[in-house]
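Line by line, the protein sequences give chains B and V.
Quick note on numbering: the first sequence equals residues 1 to 1006 in full-length UniProt numbering.
Quick note on numbering: the second sequence equals residues 1 to 107 in full-length UniProt numbering.
None of these hints come from the bench; they were simulated from the model.
Among the clues, some could well be false.
[As the list claims (entries may be wrong)] What the simulated footprint calls covered on chain B by chain V, stretch by stretch (three residues with Cβ under 8 Å from a Cβ of chain V suffice, anywhere in the stretch; the number is not a length):
(1) 523-531
(2) 751-763
(3) 884-896
All C-beta atoms in this analysis are idealised placements derived from N, C-alpha and C, irrespective of residue type, glycine included.
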Amino acid sequence: MSHRIDDAGRLIDRSKPLRFSFDGKPHTGYAGDTLASALLGAGVTMVGRSFKYHRPRGIVASGVEEPNALVNLGSGNKLEPNQRATTTELFDNLEARSQNVWPSLAFDIGVVNQAIARFLPAGFYYKTFMFPRAAWKHLFEPFIRQSAGLGKAPDAEGRDEDTYEHSYHHTDVLVIGGGVAGLTAAKAAAAGGAKVMVLEQEAHWGGRTPVEGGEIDGMASEAWIAAAVEDLAGMDNVTLRTRTMGAGVYDHGYALGYERVSDHTPGDGRPRHRLWRIRAKQIVTATGALERPLSFPGNDVPGVMLASAVRDYAVNYGVAAGRRTLVVTNNDDGYLTALVLKNLGLDVVGVVDARATATGANAERARKAGIKLMMGKAVAGVKGKRVVTGAIITDLSGKGASTDVECDAIAMSGGWSPVVHLWSHCGGKLNWDDGEAMFRPDPDRPPSGAAGEAFVVTAGAASGFLSLEKGLADAHEAGRTAAKAAGGKLTRKAAPKAAEEERQPIKPVWIMPTEAGVEKRMKMWLDYQNDVKVSDVQLAAREGYQSVEHTKRYTTLGMATDQGKLSNINGLAVLSDALGQPIPQTGTTTFRPPYTPISMSAITGEARGELFQPLRRTPMHHIHEECGVNWEPVGHWRRGYAYPRAGETVHEAVNREILNTRENVGMLDASTLGKIIVKGPDAGKFMNMLYTNVMSTLGVGKCRYGLMCSENGFLSDDGVVVRLAEDSWLCHTTTGGADRIHSHMEDWLQCEWWDWKVYTANVTEQWAQIGVAGPKARAVIEALGGMDVSKDAMPFMTYQEGELAGMPARLFRISFTGELSYEIAVPAHRGAEMWEAVAKAGEPHGIQPYGTEAMHIMRAEKGFIMIGDETDGTVIPQDLGLDWAISKKKEDFLGKRAQERSFMASPDRWKLVGLRTLDGAVIPDGAYAVGDGTNANGQRNVIGRVTSTYYSPTLRKGIAMGLVHNGPDRMGEVIDFATLDGTGTVIKAEICDTCFYDKEGAKADV
Amino acid sequence: MLILTCPCCGIAADETELENGGEAHLKRATVGSSDEAFEAYLFDRANPKGVHFERWRHAYGCGKWFLAARDTVTLEVYATYSGQTPEPPADVVKAIKAKRPDWEGTA
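Same shape as in the complex, but just chain B:
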């Protein structure tokens, strides 16, 4: 069993005990512990259960690669699922709970999945959940939902109380990784005069080197690291960040750093996480290497750990993985673990080495220390269920006699894989190194930047140099060249030196024993978290999976939260073997950012609540607010949907607003409508290209309704165009279309007709606009005073500029309601003043503000279209009966050629009609008109759909418009609209004219 040992633990402070709880049980650790080391120190070896079979799981690793020790951290609004115990720094009163366990870690119901393991092979989702179809909804989906996900999702109604922020940084050289390689590279780059930033994901500098021992430049590695950090910290051109992971490397030197600012000091007022958005000219990835597990039967039993992790826990935290440890290895590093444990006075059962002989320096030391070496052997089985109690040792092949040994921990080393993730994120390529049995970065095929030159260079173990002396030399060179490439100099300082060690080559052993039968292969775990075994990958190969990417998705190998950091290389080696091809031919899956999961909140940063997106307010926003308006978001704007009075529902308010406008007069805040000025000698020519109708002939002071189409012929926007002067036009657009249409105009002007003398300006926010509509509208405008608005002086569809109520104003006589109607535009800063003036002038006439819903209904009563209701990007003006607004005289306009295409002129297009329900009911939004017969999928044929549907208070019944097959030719015909209430009832509606109110237009023309 794991336990704390005396006289060890370079990172912990035994004078500062910390209390924490796991699954509600209190424990004690020390300052400097990780949650994982504290748990192991407290004798907790089983920390969770696996995803599929709910197998007991213990801590395997000591860093970011940990697949098993994921916990729910905190509670309430602080709950965070899937936190890795190995990278969670211990703090006082930390609260952790195990995941994927029910009802408890010790007694778990899901463990029955183990008993039926042979029915849950690779691809079982695809195989099992297909048939019968009905079972999906009632059987499979509830089951998957119940068992899906490891951690517990925080309460949906809860709110994260912590704060997060983004930070921007520009640097010449970004060094990712603060181990000895990263520090060496940073020193070399800084000496070359480059501005350097160094990111280290852990709280400590130096990486794993202090655990491995060794000397650098004649100093103990720990002392060398301290001196190097002091050096760097003293330089003005160097920025150092600990607890900051290099999460991703992107195009042109963009990189993301994820800083866990106060995870370990909760409640101290600092932001919890900080996302660093970095631009670097050169990036050095000194990301180290990760040890691989060995695939032997029972390698997932708690107590089986990576050999490097076993010595990390011993040296860094004074924690022993067990009292009697067996080491199993295929390379020299396993011996280091045996030596560390032996030196701490712990019992080492022996070293099982897959190689026939051991000649390396470490093996020699182990032999001298009296450790039992078992050469050419394999672990062929692990005893124990919830913790290791022993192991079975055979020849490497698994044949012949076996020996049982007693042990309570197994330290395994399957060799090392350089962390190539960040190198690969932006396209760096890899080579398979047969000698070292690893994929290593190919310096000749690096990620390239804007100039086509390499912008990422690897350093140290990340380059595949596993020995200290070679790693330091490589890192020094990486730092030098990065500084030079970033515009600095090549430093003449020498690389730090370390003694050369005698190393014996690794023996790649992808399964152990090598000739294990299927029963054993079913117990060799590759992916611990997702329960993918050697047998699963072999089955996938037998079933025809050849691509490593497909195999990954089929078996779920490497798809867990650790993203295959431990499992990928072993898995693809097994796949290669099963396919009978060399490893490089199989290749790797794609490495994608982030390197390890980062919090969504860090990505969000400050962009939440009010800062989530900018809110656009009209100049009258505050007045609406004071009236108790019901807001509707329109783009980034807020528009008043309705203005309910005390005791009134929103629906009642809408009806009142409509009736008051139709009987008296209403006022609308129309400021959000787009207003774009088109000006210049060629403006008329340009306007004729933009709009389907002729705009160049519009008289000064006149208004005309116009349509804009995309080059594809589809209706894109509409609005009233005003000829302000000989050379300038004012284009009104929809609220949502203003920016888009302005951009569209600029595109054509800049990229196609750049020799035309035209200037555009989006003046939407420069003007406040107020619609005044209703039979008494003229009386209101007259009361404001300043302009002659009599019928003769200012007929329908005209405009004048002058003063109203003592304010400079533009007045448009246009109507979207069908009533006598004006729109007053004043400079934005006088909008509120004009609103108040109109309200006051209108008071004797019963003026009331009306909102967007009243506006929508009134325009529907008139049969006016609304962009986004009647149009959806597939509708042409001809579909909407707007042929009158399409010029036949103009040679060209945007969309003209497209509208000549045969299918645009097809008689089978759905066309706009009015719909009058027989019983006055309101057709549901989006309802389809159903015809006779069924289509190839057995669904009822549809012959049309509703585009706008409302209760009309004016007509006291439901009105609608819709697009219907041959609609205009079917006037008077009654068609059926399906409802979604599940009863199969239909609403019968008669096809009629789109205009329901004042067809002659007499009301507006007074």
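Use these hints to put chain V onto chain B, whose structure you have.
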């Protein structure tokens, strides 16, 4: 997260300042064009793995459209130049060919 230098205002702009406008140097087909020519104009795009000519707008900057010749695989930017350029300029083509001797050029 590309960085492209706007030829109009000279700023090396981050991708977040820019808006992409698809393939560059398309010739507008309009009234009088054949169905095939019009279809090609509206829908046929090169989408190459390699050298590509693109339209970009410095949307959150000077507002101007410009063109970029870049490599969709290596992310190398060969040149950015005025949006008012009907064909890839000779010096840009030369620069690309110097770096990419195997490039077959625009059709």
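These are the hints, each one checked on the structure:
| no. | hint | result |
| --- | --- | --- |
| 1 | 523-531 | violated (count 0) |
| 2 | 751-763 | holds (count 3) |
| 3 | 884-896 | holds (count 3) |
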